[in-house]
Every structure is written in C-alpha cells, then in structure tokens.
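**Student:** Make a model of the complete structure from these sequences and hints.
The primary structure of each chain is shown beneath.
Number of protein chains: 2
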Amino acid sequence: MCYDAFNSMKAPKQNRRRFLALGAGLAGLTACKKTVPSEIGAGVRAYGERSPLEKAARDVKESITPGTGATRTPLQDLDGIITPSSLHFERHHAGVPSIDRAKHEILLHGMVEQPMVFTMDDLRRFPSVSRIYFIECSGNGGGELAGNPQPDPQKAAGLLSCSEWTGVPLSTLLKAARLKPEAKWVVAEGADACLMARSIPMEKALDDILVAYGQNGEAIRPEQGYPVRLVVPGWEGNINVKWLHRLHVVDQPAMTRDETAHYTDLMPDGKAQMFTFVMEAKSIITRPAGGQKLAYGPGPYEVTGVAWSGKGKIQRVEVSVDNGQTWTDAELQTPVLSKAITRFRLPWQWAGKAAALQSRCTDETGYTQPTIEALNAVRGYRSTYHCNAIKTWHVKEDGSVTHV
Amino acid sequence: MCYDAFNSMKAPKQNRRRFLALGAGLAGLTACKKTVPSEIGAGVRAYGERSPLEKAARDVKESITPGTGATRTPLQDLDGIITPSSLHFERHHAGVPSIDRAKHEILLHGMVEQPMVFTMDDLRRFPSVSRIYFIECSGNGGGELAGNPQPDPQKAAGLLSCSEWTGVPLSTLLKAARLKPEAKWVVAEGADACLMARSIPMEKALDDILVAYGQNGEAIRPEQGYPVRLVVPGWEGNINVKWLHRLHVVDQPAMTRDETAHYTDLMPDGKAQMFTFVMEAKSIITRPAGGQKLAYGPGPYEVTGVAWSGKGKIQRVEVSVDNGQTWTDAELQTPVLSKAITRFRLPWQWAGKAAALQSRCTDETGYTQPTIEALNAVRGYRSTYHCNAIKTWHVKEDGSVTHV
Numbered sequence: 098m099c100y101d102a103f104n105s106m107k108a109p110k111q112n113r114r115r116f117l118a119l120g121a122g123l124a125g126l127t128a129c130k131k132t133v134p135s136e137i138g139a140g141v142r143a144y145g146e147r148s149p150l151e152k153a154a155r156d157v158k159e160s161i162t163p164g165t166g167a168t169r170t171p172l173q174d175l176d177g178i179i180t181p182s183s184l185h186f187e188r189h190h191a192g193v194p195s196i197d198r199a200k201h202e203i204l205l206h207g208m209v210e211q212p213m214v215f216t217m218d219d220l221r222r223f224p225s226v227s228r229i230y231f232i233e234c235s236g237n238g239g240g241e242l243a244g245n246p247q248p249d250p251q252k253a254a255g256l257l258s259c260s261e262w263t264g265v266p267l268s269t270l271l272k273a274a275r276l277k278p279e280a281k282w283v284v285a286e287g288a289d290a291c292l293m294a295r296s297i298p299m300e301k302a303l304d305d306i307l308v309a310y311g312q313n314g315e316a317i318r319p320e321q322g323y324p325v326r327l328v329v330p331g332w333e334g335n336i337n338v339k340w341l342h343r344l345h346v347v348d349q350p351a352m353t354r355d356e357t358a359h360y361t362d363l364m365p366d367g368k369a370q371m372f373t374f375v376m377e378a379k380s381i382i383t384r385p386a387g388g389q390k391l392a393y394g395p396g397p398y399e400v401t402g403v404a405w406s407g408k409g410k411i412q413r414v415e416v417s418v419d420n421g422q423t424w425t426d427a428e429l430q431t432p433v434l435s436k437a438i439t440r441f442r443l444p445w446q447w448a449g450k451a452a453a454l455q456s457r458c459t460d461e462t463g464y465t466q467p468t469i470e471a472l473n474a475v476r477g478y479r480s481t482y483h484c485n486a487i488k489t490w491h492v493k494e495d496g497s498v499t500h501v
Numbered sequence: 098m099c100y101d102a103f104n105s106m107k108a109p110k111q112n113r114r115r116f117l118a119l120g121a122g123l124a125g126l127t128a129c130k131k132t133v134p135s136e137i138g139a140g141v142r143a144y145g146e147r148s149p150l151e152k153a154a155r156d157v158k159e160s161i162t163p164g165t166g167a168t169r170t171p172l173q174d175l176d177g178i179i180t181p182s183s184l185h186f187e188r189h190h191a192g193v194p195s196i197d198r199a200k201h202e203i204l205l206h207g208m209v210e211q212p213m214v215f216t217m218d219d220l221r222r223f224p225s226v227s228r229i230y231f232i233e234c235s236g237n238g239g240g241e242l243a244g245n246p247q248p249d250p251q252k253a254a255g256l257l258s259c260s261e262w263t264g265v266p267l268s269t270l271l272k273a274a275r276l277k278p279e280a281k282w283v284v285a286e287g288a289d290a291c292l293m294a295r296s297i298p299m300e301k302a303l304d305d306i307l308v309a310y311g312q313n314g315e316a317i318r319p320e321q322g323y324p325v326r327l328v329v330p331g332w333e334g335n336i337n338v339k340w341l342h343r344l345h346v347v348d349q350p351a352m353t354r355d356e357t358a359h360y361t362d363l364m365p366d367g368k369a370q371m372f373t374f375v376m377e378a379k380s381i382i383t384r385p386a387g388g389q390k391l392a393y394g395p396g397p398y399e400v401t402g403v404a405w406s407g408k409g410k411i412q413r414v415e416v417s418v419d420n421g422q423t424w425t426d427a428e429l430q431t432p433v434l435s436k437a438i439t440r441f442r443l444p445w446q447w448a449g450k451a452a453a454l455q456s457r458c459t460d461e462t463g464y465t466q467p468t469i470e471a472l473n474a475v476r477g478y479r480s481t482y483h484c485n486a487i488k489t490w491h492v493k494e495d496g497s498v499t500h501v
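Going down the list, the protein sequences come from chains A and B.
Following this note's numbering, the numbering of the first sequence begins with 98 at its first residue and continues without gaps.
Following this note's numbering, the numbering of the second sequence begins with 98 at its first residue and continues without gaps.
Quick caveat, the hints were computed from the structure, so don't treat them as lab data.
Some hints here could point you the wrong way.
Identical copies look the same in the list; a pair holds intra-copy or inter-copy alike.
[To be verified] Pairs of lysine-lysine, DSSO-like flavour, derived with a Cα cap of 27 angstroms:
#	residue 1	residue 2
1	Lys390	Lys200
2	Lys152	Lys200
3	Lys450	Lys152
4	Lys410	Lys200
5	Lys368	Lys450
6	Lys252	Lys390
7	Lys281	Lys390
**Tutor:** Shown next, in the form of structure tokens:
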C-alpha cells in the first residue's frame, strides 16, 4: 500500500550550507521513519479541536472588579491575517452574557418613521455582506504611551484581532426604518448586565457598519457578542458594541459612561478629547520579538509582523534593524484589504551583533506611524488610549530579544 | 451606568410591511428588556469556544474499514468564505495520526544535488506566504454523478472547505535542494499509518504549492495534517498530502495506490482517466436549499451560496429560479480570490409558488459549470470523482425545499 521507493532512497548527504544545516547524514532518514505510526490513528469527529500540543493562548488575568476582564491575542504565535476565533482578544465590562439566539431581538427606534424589532432570523432575510476587518481596543499599547513599554507582542499590542465578519449593513436597517430629518446619531446598546452603550455619528452609521452575526464562517463567539454585534470598521473596539439589542436614533450623542468617564484621551493640559473614534495606522514586528530567541545563531531569519489602519489600506511597511537609522521596504501579503490586518515580511541576515528592530507603516492617506517620542510630545503621558507608536525590539549578541 | 434614554423611549408602532412584520406593538420593548441579564456574565478564558447553543457539525459516520472516514462541512450553516477549522471536512485513509511537532521532520531527497531534512522550526526560517485557498475532495458530489442526488448542501457538496493557509512555497525547498535535470515529479508522502502518497508533476511543484503549517491563523488542525501538509491550490483534495514527512524527487510518477486504484475517473468504455488533478468550476446554492424551509411565506429572501474553480478566479455566477430557463447575475462578494471560495448572493422575491433554484458559475478561463445531463453524457454513471454539475433545489408551495 505504501509508496515502495521508500526502501530504495539514498541517505542525505552532508549539508554544508549553514542556512540548511538541519541534521546531517542519516539523521533525516532515521527521524523520518520514527514519526510513522504503526497503528490506525484517531477517527473523525463532528467539531474539531487543535492539537493538544499547541499552547497559544490569550493571557488570562483576574480583574479586581468582577466582569471587567480583558485578554490579549498572542500575536507572536499567529500566521496570516485571520485571528482564530478562539484567540480573538476579549474586553468585557460586565462579563460575557449567556444569550439564547432564538429569543434575542434588536429594537430599532427613536427618530425614525417606522420603529422595528428584528429577531436573528429576521436579520437573515436582508442582503448580507462578509468583510475581513480588524478590531482594536483603543487601550491597545496604553502602557507604551504611559512610559511603560511591554515585553512581548501579546502584551504590547494583543488587543488587536482580525476576522471575516458577516452581517447586514446598519444602513440597510436604518433606511428600512426611514430616518427623520433630525436624526444625527445612533446609540447602540449591548445586552450585557451594564447595558454598555456608545453613540455613533449618522455619517458613519450610514457608511460601512455591519450588524454582524457571523465570525470566520460560523456564529459569532460568546466573547465577541453572540448572537449579534456591531462591527464599526476602523473605529476603536469599544464602539463595536457586542450583544447588540438596541439601536436608538437620536439628534445628539447620549454621553454614556463609556464615552465620557472612559475612552476619552486625557491631554497634557488636563482636558480630555472625546469621540476620537478612528484607530490610526500602526504596525508591530511579531517575530523576532520580545521574549523570543534567534536560536540558530547568526544567519537568515524571516522578520514578520502585522500592520493596520482604521483609515483604509496599508500602503507601505518599512523595517529597520538599526533603531531607525535606515529602513527597508517589507513585502506586503496580498490581497491588502481596507481596515484589515496586513501581514508583512522581510528576509533578514542576522550578523550576530546587537540590533534594534522596528517597523513603521504608511496608510493610503499618506499618514505614517509616529515614534513614541513624537507621540508623547503631543499627547503627554497621562492617556492610555490610541497609542500607535513604533515599537522597538532589541536583539542581543546571544540572540535573545527584549523590549526597550 | 446604563444609557438612561432607555426609559424615555417610545414603543414601536404597528409595523405594516410584511417584510418587517416582526412582532408589533409593545412586543419589541418587552423582548428587549427580557434579554438583559441582571447579573455579571462569564469571565475571560484562554482559548474560547462557541456558544453551546450552536450545533453546526460535520456529519460523522462510522466506516466499515477502520481509519477510512470522511466528514462533510455543513455548508448550509456557514457564512462568508472562511471555513471554521473545527468544521473543515475530513478524509482519512488510516485515521488521524498523533504527531509531535517538536520531533517531526520532512525528508527531501531523490534527484536533487543536496538532500535535506527540515524540522518544523527549520521551515519557519524560510520566507513564508499566506493564501486563502479552497480544498475539495475529488469525490465531492460523487452521488450526484452516479445518479443518486443528495438531499442537502452538506451531503451534496460538503467535501469542500476554504482556509487561510500559511507555509513555505514548495518551490523554495526544491530550489534549495537544487534539482537534477532529470527531476520531473515529486512524490509527497504522509506520515499516517498507510503512508498515503501522491505524485506531483514538477511544473506544479514549482508553481504555487505550499508546504503549510498554518491554518486560519493558528497551527494546522490534526485532521488537516498537523503539523505540516501540502496545499496544492485548485487540485483534488487527495493530492494535498497531510502529515507530510517526505518529498521524493523522481523522473516518473510513482503509481501509488491513491493514483491507480483510487482517484481515477472510470469512463463509460471501462477505461479510467488518471492524473485528473484540477477541480473545475463549480457552485451550489446553500440557502435556501434542501432540508430548509421558507418560513416567512411569500416575500423577500436572500439566495446565497459558494462558487470556486481550480483554474483561478470566479468571474460570474448566475442564478435561476425556474429550472434554468432564465438566469440572473448574482453579486460576488469581493475580494474574489484565485482558487478560493467566492460567496455569491441575490435578493429573491418568492411568490409562494413552486420554484427550482440553480446556480451556475463561469471562471476566468471562460469555462462554465455544466448540467448534470451534459456531464453524464460524457462521463457516464460509473465514476464518482470530479462532479461539478449544476445542483437543483425544488421549492414547494408550502415553502419546503428538497433536492430533485
């Protein structure tokens, strides 16, 4: 039954190229044989799970306030642009409610001619859309901005994930309800115990927002808003209201707790900026990065990471290995999608000396990611929101990588 | 803490539009309130799971031969183009081996100047690529071809899934090993107990094949080849060798069991076609489809489904509701990617009468999906491979949908 040339193969020759010095001589043949099981493997199953040997995980910390938890996506362990739903970052203000899809409804009311209620099955009758979008908490990298740089990609930028979302354009529902002339804002409210709510300007509500029920092909996960959430492309995570159960059309923002006491940007003069919705262009190298080691010694490595912009497509990512003195264009994985993560890569020959790795991106508006010094000069050290500064990883001569 | 306009809202008015008759009067307000929990919800967790209320599943059947199982993706339950890894179809010839990533190696040898062995960490040093590709078993829809049409999308076409795969181009490894002039084929062998192997022409091996370790952002799932598999874009599933542990470069095909006794196309004259690799353009409507019901009675529904071609991009999908007499162009979800699933959609006003729903796609080569009659006229009824015929769903006057 097996391919019988197996027995006639020649042993690998000694490999002289350092790049591929991967166990020379007969080691390959031996290893190859020893991985073949002699017995039939496991059977089929209805819903699969990952290998028990795989340990990539969100970082779980107990919060001092019940229900106000957050976990971060392990960016250093991921490939491509899709975040596995099981590893999508979490941010809850009253825990994850247990909602029965069959009973859940969305109320659309206020300054509309025709108030409406939608069951989840009702939503399925409207024309749907699927789009790959990132969601980033505006607190992502808050430690960096406050002068407290984080030691690895997960801690530094893990409040970022990217999924294929499916749902109905919010504009479709608003048009069906027929907006009154004075309708200028939509207040979206979640069905968690705190009724988390945010105000959205009508221009954005009629643009690209999705009332989403699908995530990466299946139903949205409980932590991401099951059975339905808003996806507000490119805007701070908090406004992507989860467990959506109400859309209130009004003429002015509701000034909810999460747009006044929180999610405002405290400036050096003590005043706070409000309604700073857009997540600006940002990138981070995820490998090699803090907490990792260049285990092969001097030689070739792949530098890879992720870039994203709430204003559209990533146009360019540059990588520096000398702390920003010189820059080289990285390759962008295609297709480059608007308001989605873009994977970048650059082959790098490590000479075995100390190095400082940085990435900086430019989006299609021409905006370029700033240094942390430039950002602090404007924003001071009192805010923990909307940090999009360049992140630096130090490579030591022994190959270990740390944060600066 | 909650958005206090909640108490001042007006009750929804009576809704007169049939399309949106969703529980009129005060029902919405009542329902809205009743879904709000009064207690803090569940906490954060390291690796998420779907809602326990969600039941989409692969169909598990015991096989009479141990280890030779298959399960199908529940296409009717999915959105977008990404198949959740937990629901990717399975096809095993000796069960799912349990492989330790840390010990697994790939041997590359034969007609090369430099035989090589790669550990999984070694592969990580090469320039990587992420691409969204479908994989379809060539037996998908075999019942249809043999005159035994299947009752729902999962049974009719569920040996089809689509993932974002990450890995190293096979061409990179072959070039590193330096091919000898006589090298014309690569035999890929899996580390399952049957050492499942297939021969790949060198032209394809040097084109777009990936030696893939990532699936939808994380490590490839055990059923899909953990820790490493071939992804052979557009070609029949069986040649996308899983649990890859050997690449043997040779001058002629190895004539393995799975390219002689199986995965050949038996023609009406009793002769079999071999090495029919490409999966040709195909589509299927997944909603409304067999096993479902148009539960709202006459009125608007969304017709949606998936199309794909092993030869490149889908250029056009047409939908018929009258058994192929007239056709209307469906909308294609963008971006349309080469050798990936393309989602199509068409709003449909059901008049409450019997209807016959079909989709047919055309790919960028100009090839159009055939009728089952046209396919049977050429291929007969003895083969169960490479069926890409148009699938018909019958809608009855009571709204129930069945296969023909």
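**Student:** When Cα atoms must be at most 27 angstroms apart, do Lys152 and Lys200 count as within-copy, between-copy, both, or neither?
**Tutor:** between (36 angstroms within a copy, 16 angstroms between copies)
**Student:** Quick one: Lys368 to Lys450, C-alpha cut-off 27 angstroms, is that within a copy, between copies, both, or neither?
**Tutor:** Neither: 45 angstroms inside a copy, 64 angstroms across copies.
**Student:** From the Cα coordinates, with 27 angstroms as the cut-off, is the pair Lys281 and Lys390 best called within, between, both, or neither?
**Tutor:** neither (53 angstroms within a copy, 39 angstroms between copies)
**Student:** When Cα atoms must be at most 27 angstroms apart, do Lys390 and Lys200 count as within-copy, between-copy, both, or neither?
**Tutor:** Result: close only across copies, 20 angstroms inter versus 51 angstroms intra.
**Student:** Are the CA atoms of Lys410 and Lys200 at most 27 angstroms apart within a copy, between copies, both, or neither?
**Tutor:** Classified as neither; 38 angstroms inside a copy, 40 angstroms across copies.
**Student:** At 27 angstroms max between alpha carbons, let me know whether Lys252 reaches Lys390 within a copy, between copies, both or neither.
**Tutor:** within (17 angstroms within a copy, 48 angstroms between copies)
**Student:** Taking 27 angstroms as the upper bound on the Cα-Cα distance, should Lys450 and Lys152 be classified as within, between, both, or neither?
**Tutor:** Neither way: Lys450 and Lys152 sit 31 angstroms apart in one copy and 54 angstroms across, limit 27 angstroms.
When the structure is compared with the earlier hints, violations turn up for hints 3, 4, 5 and 7 and for no others.
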